[in-house]
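A.B. asks: Using the hints provided, position chain A relative to the given structure of chain Y.
In order, the protein sequence lines correspond to chains Y and A. Using our numbering, the first residue of the first sequence is number 256, and each one after it goes up by one. Using our numbering, the first residue of the second sequence is number 144, and each one after it goes up by one.
Warning: the hint list may mix true and false statements.
Rough simulated footprint, nothing fancy, chain Y against chain A, three-plus residues with beta-carbon under 8 Å [what the hints assert, rightly or not]:
{"no.": "1", "stretch": "263–273"}
{"no.": "2", "stretch": "335–344"}
{"no.": "3", "stretch": "361–371"}
Note that these hints are calculated values from the structure, not bench results. Being a predicted model, the structure only gives us computed values, none of them experimental. Where is the CB? At the ideal position from N, CA and C, for every residue including glycine.
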Amino acid sequence: MTQPTVFIVDDDHAVRDALRLLLKSVGLPGEVFASGDEFLAAWRPTLRGCIVADIRMPGMSGLEMHEALQQRGCRLPVIFITGHGDVPMAVEAMKAGALDFVQKPFRDQDLLDRINEGLQQEKSLREVEVEIDELTARLRALTPRERQVLERVVAGQPNKVIAMDLKVSQRTVEIHRARVMEKMQARSLAQLVKMMSRLETLRDT
Amino acid sequence: MLPYILPGVNRAYRGVPANALWNVLMTADSGSGSAESTSDTGGANFRALLQAAVDAIIVINEAGSILQFNPAAEKIFGFCQAEVLGRNVSMLMPAHYAQAHDGYMAHYHATGERRIIGIGREVEARRRDGTVFPIDLSVGQVDLPGAAHYVGIIRDISARKRNEQEMRDLQERLARVGRFSTMGEMAAGLAHEINQPLAAISTYAQTASRMLGAGSSYDPQDMDHICRQVSEQARRAGEVIRRLRGFLRTEDAGRQPLDSNALIREIMFLAELDAREHGVPLTLMLAEGLPRVHGNAVEIQQVILNLIRNAVGAMSEQADRSPGVIIATAHHEDGGVEFSVTDYGPGVAEDIARQIFHPFVTSKHHGLGVGLSISRTIIQAHGGRLAFVPNPAGGAIFRFQLPEAFED
Chain Y
256 MTQPTVFIVD
266 DDHAVRDALR
276 LLLKSVGLPG
286 EVFASGDEFL
296 AAWRPTLRGC
306 IVADIRMPGM
316 SGLEMHEALQ
326 QRGCRLPVIF
336 ITGHGDVPMA
346 VEAMKAGALD
356 FVQKPFRDQD
366 LLDRINEGLQ
376 QEKSLREVEV
386 EIDELTARLR
396 ALTPRERQVL
406 ERVVAGQPNK
416 VIAMDLKVSQ
426 RTVEIHRARV
436 MEKMQARSLA
446 QLVKMMSRLE
456 TLRDT
Chain A
144 MLPYILPGVN
154 RAYRGVPANA
164 LWNVLMTADS
174 GSGSAESTSD
184 TGGANFRALL
194 QAAVDAIIVI
204 NEAGSILQFN
214 PAAEKIFGFC
224 QAEVLGRNVS
234 MLMPAHYAQA
244 HDGYMAHYHA
254 TGERRIIGIG
264 REVEARRRDG
274 TVFPIDLSVG
284 QVDLPGAAHY
294 VGIIRDISAR
304 KRNEQEMRDL
314 QERLARVGRF
324 STMGEMAAGL
334 AHEINQPLAA
344 ISTYAQTASR
354 MLGAGSSYDP
364 QDMDHICRQV
374 SEQARRAGEV
384 IRRLRGFLRT
394 EDAGRQPLDS
404 NALIREIMFL
414 AELDAREHGV
424 PLTLMLAEGL
434 PRVHGNAVEI
444 QQVILNLIRN
454 AVGAMSEQAD
464 RSPGVIIATA
474 HHEDGGVEFS
484 VTDYGPGVAE
494 DIARQIFHPF
504 VTSKHHGLGV
514 GLSISRTIIQ
524 AHGGRLAFVP
534 NPAGGAIFRF
544 QLPEAFED
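Excised from the complex, chain Y in its bound form:
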């Protein structure tokens, strides 16, 4: 995991330079890129933090860069900087899933607030990802039979019904059930149900 960083993408040297110094003055790590292409080339799935990008750039626009990043599975929040007349573009950016946009010239606090929001959002997103990864790993450790038992237990079926359903003895179901609780690291049935419904909601987001 790398350190959370603010990635600045702006074709204008002066704007880039000013933003770099602004980040430095508040002690945030920042990296600057002169074009969407440049950032795409540098992007790795392990990068953490958020992106501040000019919406109007020669060659690849900010919107195009955002789309390309999303296609590669990049989930870093994007804050767009827009010019005065670029409201339609900004609306489009919001629809495409941008975190927010600030109009140029902006109050530095407004931008810093958005950046902090972006970093925060990315952090919790990252935590959710870690949680999903963890739960998915536990699920993968189950045998197919244990998986069948888990599904039925979570659905609220008693052991007797499960045994009849799977054409095994109640004793066998009990053994599978104990194994499931162990592998899923659940201390109670209630916790197991909660875990599974949480995984479902997380995956939906």
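C.D. replies: Then chain A, alone, in the frame of chain Y:
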């Protein structure tokens, strides 16, 4: 051998024997009655011609005294014949000509060097009420025994001049509308161009203030850098506005000798706005040692900008935007300079190509389609021609030539 009227004078009375003319000239003072008494048919024809001519015909002697003043002259100048006969012809000229006229005549008598005789030219004349007006004047010389006479044929060209001026004014106004319309289309790009330095300045200043705030420490080099940048960016914003104003100025700079390559370099700032946004590279191929051309700088720049923007628009539809748009100058075979803008876009469809210079014909989704029409009007008013040819390598070439400026 009888003397004849010299060539260079209106064909209508060339060949009239000078003795017939002489008779007419000599009898003018005494009125038409005595003129009729002559049996010479040549003289009668000449008198009829004087009476019927639409152009003013004035005959003077070597001293500049008026001997003949036909009805058309009476109408144009507002004097009747009796008021002018025997008086110096300078009374029909505005002060600056009048003062110089005797000198001109003396110069001619002394040297035989022709400035106007046998040649027509545009000069100014003065009516009875003092108004000065433009005329076409041609002067012929009649050599009579012992004395020379001069026949001036005068056409009042004030109406033509007025029309020409009106046309010019209209064309200039149209060109100005075109420039404003172009800037309107480029407004977002221009706003961005001004906003960039403003955003940078604002961020620099706020950062400096943050650095200077209580409990903060900063690198003095950073602070120095920020101050320099703020100043530099303020100049940059000012420069955008200065150039924009130059392009949109409403006062007419008029026509003057211009450096073609400098014109192009100056307008590249605006052309690059569009080109950069569409990712189309612009390349200059400017010939050296070009003659200066005669024209209105802003209008020619407007044409160049328009052609470049069209070319960039055509290229932006292509997946491959290389080699981009080439803007070139070259020596034109007839003297002067040829400008060309070459793109490697999809080219112009045949049905559009036929009427490409007509107003409101456009293949673009935005814009009125008046750019090329206005551009052609501007180039025509400069004595050039704007033409379209397909690019053999695919795409379009627009070119125009401007005449060389002859500096006084």
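A.B. asks: Any hints from earlier that this structure breaks? Give me their numbers in increasing order, please.
C.D. replies: 1
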